[in-house]
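Undergrad: Going line by line, the protein sequences match chains A and B. Mapping to the working numbering: the first sequence position 246 is 355, numbers consecutive. Mapping to the working numbering: the second sequence position 221 is 230, numbers consecutive.
Just so you know, not all the hints are guaranteed correct.
Quick look at which bits of chain A chain B covers, simulated, 3 or more residues with Cβ under 8 Å [to be verified]:
#	stretch
1	172–180
2	207–220
3	232–244
4	252–262
Derived Cβ-Cβ restraints for the label pairs, each shown as a range [claimed, not checked]:
#	chain 1	residue 1	chain 2	residue 2	range
5	B	Thr55	A	His348	38 to 44 Å
6	A	Asp113	B	Asp345	35 to 41 Å
7	A	Pro254	B	Ser214	53 to 59 Å
8	B	Arg367	A	Ser331	51 to 57 Å
These are calculated hints, taken from the structure and not from any lab test. Every value quoted in this text rests on a predicted model; they were computed, and no experiment measured them. By construction, the Cβ of each residue, glycine as well, lies at the ideal position given by its N, Cα and C atoms.
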Amino acid sequence: MSYDDWFRKDRLPHIFCAGCGNGTIINCTLAAIDQMNWKKEETIFVSGIGCSSRAPGYILTDSLHTTHGRAIAFATGVKMAKPDFNVVVFTGDGDMAAIGGNHFIHACRRNIDMTVVCMNNQIYGMTGGQGSPTTPKGCLSSTTPYGCAETPFDLCELATAAGANFVARWTSYHVKELEKSVKAGLETPGFSFIEVLTQCPTAFGRRNKFRQVIDHVEFLKSHSLLKAKRDRLVEKHEHVPEDMFVVGELTRRNRPALGVKP
Amino acid sequence: MMEITEGSHAVAEAVRLSRPQVVSAYPITPQTHIVEALADFVANGTLDAEYLTVDSELSALSACVGASAAGSRTYSATTSQGLMLMAEVVFNAAGMRLPIVMSIANRALGAPLSIWNDMQDSIAMRDSGWLQFYAEDNQEATDLHFLAYKVAEDATIQLPAFVCFDGFILSHTYEPIDMLTQEQVDQYLPAYNPAEKLDAKDPMSFGMYATPDYYMEFRYEMDEAQKRAKDVIAKYGKEFGTLFGRDYSALVEGYQLADAETAIIAMGSICGTVKDAIDEMRAAGKKVGLLKIRVFRPFPYEEIKKALAHVQRIAVLDKNISLGAKGGATAIEVRDAMYGSTIPVKGYVLGLGGRDIRKKDIKEIVSLCENGAGDQFYGLRKELI
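Work out the full structure, taking the sequences as your base and the hints as a guide.
TA: This is the structure:
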């Protein structure tokens with residue numbers, strides 16, 4: 110499935126490595142946007158720096174490719190100047206959770222009406238595989254050659270705690286679910302955050318024993334714990350496996366929002 | 010001992026040998042190989058230091074400021090946008106007189122985004138109070154780190170220092186390097202032992218509020234330290250030469266300058282290309298020479314005026330542009346250095362955003378200068394304008 114009308118075909122071939130999950134995430138996002146019947150001339154994609162941030166370059170709308178970590182801040186300006194416009198941010202874990210962390214939490218707090226899709230490959234892929242704030246404990250990167258010793262962020266809990274109206278997490282395996290969540294995010298007034306755990310075979314996979322791309326996708330699938338299932342386990346006071354992460358729609362609420370289309 | 014190694018790895022090894030106690034850095038192309046190597050050294054125990062994987066360049070240099078104020082030898086590396094993000098703390102580090110050494114793998118600034126080489130990043134920080142060293146090749150890039158620590162930490166200077174080397178052109182190039190041994194470096198560079206540091210037994214504050222009654226004198230003292238740095242660089246550069254055979258006492262370095270009619274002024278890796286072009290022009294009977302600027306801050310005004318008193322014309326090559334002013338930063342400063350002289354100074358802005366500079370370009374610029382043409386961009390693609 111592809112959404113030819115939204116692609117800048119003259120920009121192909123893209124720069125993503127073979128086996129990268131970013132294309133899947135872009136496709137799911139565009140599939141959701143396609144269902145919204147948004148006009149291209151009223152839709153703006155904003156990004157920062159990193160592999161994720163190349164996405165708007167391949168999409169046939171106005172876009173801002175900004176500085177590292179600042180995509181949400183630039184997007185806030187766009188949304189305040191043009192509340193009629195649909196603003197979507199593509200970002201990554203390094204871009205959004207490290208250097209741009211402050212903009213992220215404050216956009217959640219203000220609950221500004223935009224949708225942020227975070228391609229979380231758990232590493233700085235573009236610069237060659239340094240540890241990021243979402244690199245899991247024990248994982249190898251070029252700056253943690255014997256395993257990351259720091260505790261990673263849970264980006265969804267962060268977004269929820271900071272005030273976002275809509276928060277969901279999926280992986281690059283869950284294409285249909287992801288598409289639905291992005292659409293729900295686009296429909297929800299206020300700040301919508303969709304985290305997508307994805308494979309980076311070049312910088313993460315080859316260091317962390319995912320010899321084949323599919324090995325990593327399988328890992329993401331098998332370590333996903335549906336929110337409903339997690340809730341049941343908690344309710345029954347049963348053990349929730351520590352090595353799994355929760356996927357699904359995690360937060361949906363109606364806090365006062367900023368910049369909502371009049 | 011001679012070894013063939015990548016520029017970034019040679020710099021990382023020089024940093025390891027300098028025994029920093031805190032290294033704090035954030036990944037950014039084309040600097041990343043340096044800090045990856047340092048992370049490896051720390052993880053493997055060959056460098057006894059704290060390595061911080063911080064969340065941004067702003068945090069990287071902020072952590073260095075804290076560590077340096079606490080009395081540690083500290084190191085960071087960055088380039089381009091990373092340096093711009095650090096800007097606030099760049100000025101603070103100098104104002105607090107903290108001798109941090111930072112490598113800059115020179116890269117162009119956005120927008121538009123470019124990962125390729127020019128010198129706009131470090132040049133944009135020229136008023137910050139940091140010493141600025143520029144390397145022509147990776148041997149110099151390596152050695153200048155030892156000199157930078159030695160000068161920066163001198164009790165009469167106490168200013169931070171950039172060691173700038175061209176991104177990709179040097180950082181990713183393999184060259185033979187004569188690497189010092191730990192014994193040699195220890196002999197040259199003693200442990201950092203600042204007279205003033207954060208100490209609970211003798212409390213003090215860095216970076217306090219200075220009212221208009223006090224502020225200006227801090228700036229004055231920094232400027233005086235910059236001026237003193239010339240002699241200190243000469244002293245320690247000479248000591249380096251005496252001990253290891255490579256003399257870095259001069260802030261500027263001439264090549265085929267003695268009888269030159271046209272003098273080219275340049276900084277960084279382009280000097281190698283210029284030297285090759287000069288050899289060919291000399292073989293064809295043209296008297297051309299080079300004056301390489303190794304130290305941009307403090308700026309070598311007197312040294313330039315003295316070295317070029319006999320030439321007929323000067324062509325200044327700038328891989329940066331001070332937009333709205335008269336060309337690149339070096340040309341502007343050289344015109345000031347040559348003030349009162351009748352020797353024409355022509356500036357050429359070239360190589361921005363990684364545009365290649367070849368020997369034939371240098372020859373073309375010499376021809377332009379001979380014909381009195383200059384103070385212009387060189388190498389523009391007319392069809393794009």
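Undergrad: Hints first: check each against the structure and report whether it holds.
TA: Each hint tested on the structure:
| no. | hint | result |
| --- | --- | --- |
| 1 | 172–180 | holds (count 4) |
| 2 | 207–220 | holds (count 3) |
| 3 | 232–244 | holds (count 7) |
| 4 | 252–262 | holds (count 5) |
| 5 | Thr55/B <-> His348/A: 38 to 44 Å | 43 Å, holds |
| 6 | Asp113/A <-> Asp345/B: 35 to 41 Å | 58 Å, violated |
| 7 | Pro254/A <-> Ser214/B: 53 to 59 Å | 38 Å, violated |
| 8 | Arg367/B <-> Ser331/A: 51 to 57 Å | 55 Å, holds |
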